[in-house]
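Go ahead and model the full structure; you've got the sequences and the hints to work with.
The numbering of the sequence shown is my numbering, which starts it at 1 and goes up by one.
It is worth saying that the hints were derived from the structure and are not from the lab. Nothing here was measured: the structure is a model prediction, and the numbers come from that model. A virtual CB, placed ideally from N, CA and C, is assigned to each residue, including glycine. One thing to keep in mind: the hints can contain errors.
Estimated spans, in silico, between C-beta atoms of each pair [unchecked claim]:
(1) Pro-27 to Ser-2: 36 to 42 Å
(2) Gly-74 to Phe-19: 17 to 23 Å
(3) Lys-25 to Ser-69: 45 to 51 Å
List of simulated lysine-lysine pairs, BS3-like, C-alpha gap at most 27 Å [stated by the list, open to error]:
(4) Lys-25 to Lys-37
(5) Lys-103 to Lys-37
(6) Lys-32 to Lys-78
(7) Lys-103 to Lys-25
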Amino acid sequence: MSEILLVIGGILNIALAVFHFTFWKNPLFNWKEELPKLNLFNRALLQVATILFIYVMLCFAVISFLISSSKTFGSTEKAMVIFIGGFYLLRAILQFPFFGVSKLGVGIFIICLLISGCYFASFL
1 MSEILLVIGG ILNIALAVFH FTFWKNPLFN WKEELPKLNL FNRALLQVAT
51 ILFIYVMLCF AVISFLISSS KTFGSTEKAM VIFIGGFYLL RAILQFPFFG
101 VSKLGVGIFI ICLLISGCYF ASFL
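Here you go:
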């Protein structure tokens, strides 16, 4: 069961990486008009952070697939699963204070909780 949850987590990380990759052209974010309103530093910071998030999510996916196919579930693997689950739990917690309450925000909150749950439930 834990292997399936880790594979699901890996797939969801890939899906989120692809979603983040669309930020530059996604009409929801309208970066073509919104980014130029920021000063150079903030514009660069936002884009670099997005690129790094894509990288982290792809790393999470690879780690998830490697752990799910591993014959052992030692302390290193457990720590990685806790870190990934904690990342998404923290992201869920930060949703409302930083982005407010909206239908999209509730969706993001639920998605982050589900991903976190996949990782934490892999211990059961």
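Here is how each hint holds up against the structure:
The supplied range of 36 to 42 Å is met by Pro-27 and Ser-2, whose beta-carbon atoms lie about 39 Å from each other. Taken as a hint, the range 17 to 23 Å is violated for the pair Gly-74 and Phe-19, whose Cβ atoms sit roughly 32 Å apart. Judged by the Cβ atoms, the range 45 to 51 Å given for Lys-25 and Ser-69 is violated: they are separated by roughly 34 Å. Simply put, Lys-25 and Lys-37 have alpha-carbon atoms about 16 Å apart, close enough for the 27 Å limit, and the pair holds.
Restraint check for Lys-103 and Lys-37: the C-alpha separation of about 26 Å stays at or below 27 Å, so the hint holds. Of the supplied pair hints, the one linking Lys-32 and Lys-78 is violated, its CA atoms being roughly 41 Å apart against a limit of 27 Å. Straight-line distance between C-alpha atoms of Lys-103 and Lys-25 comes to about 21 Å, which keeps the hinted pair within the 27 Å bound.
Violated hints for the displayed structure, listed by number in ascending order: 2, 3 and 6.
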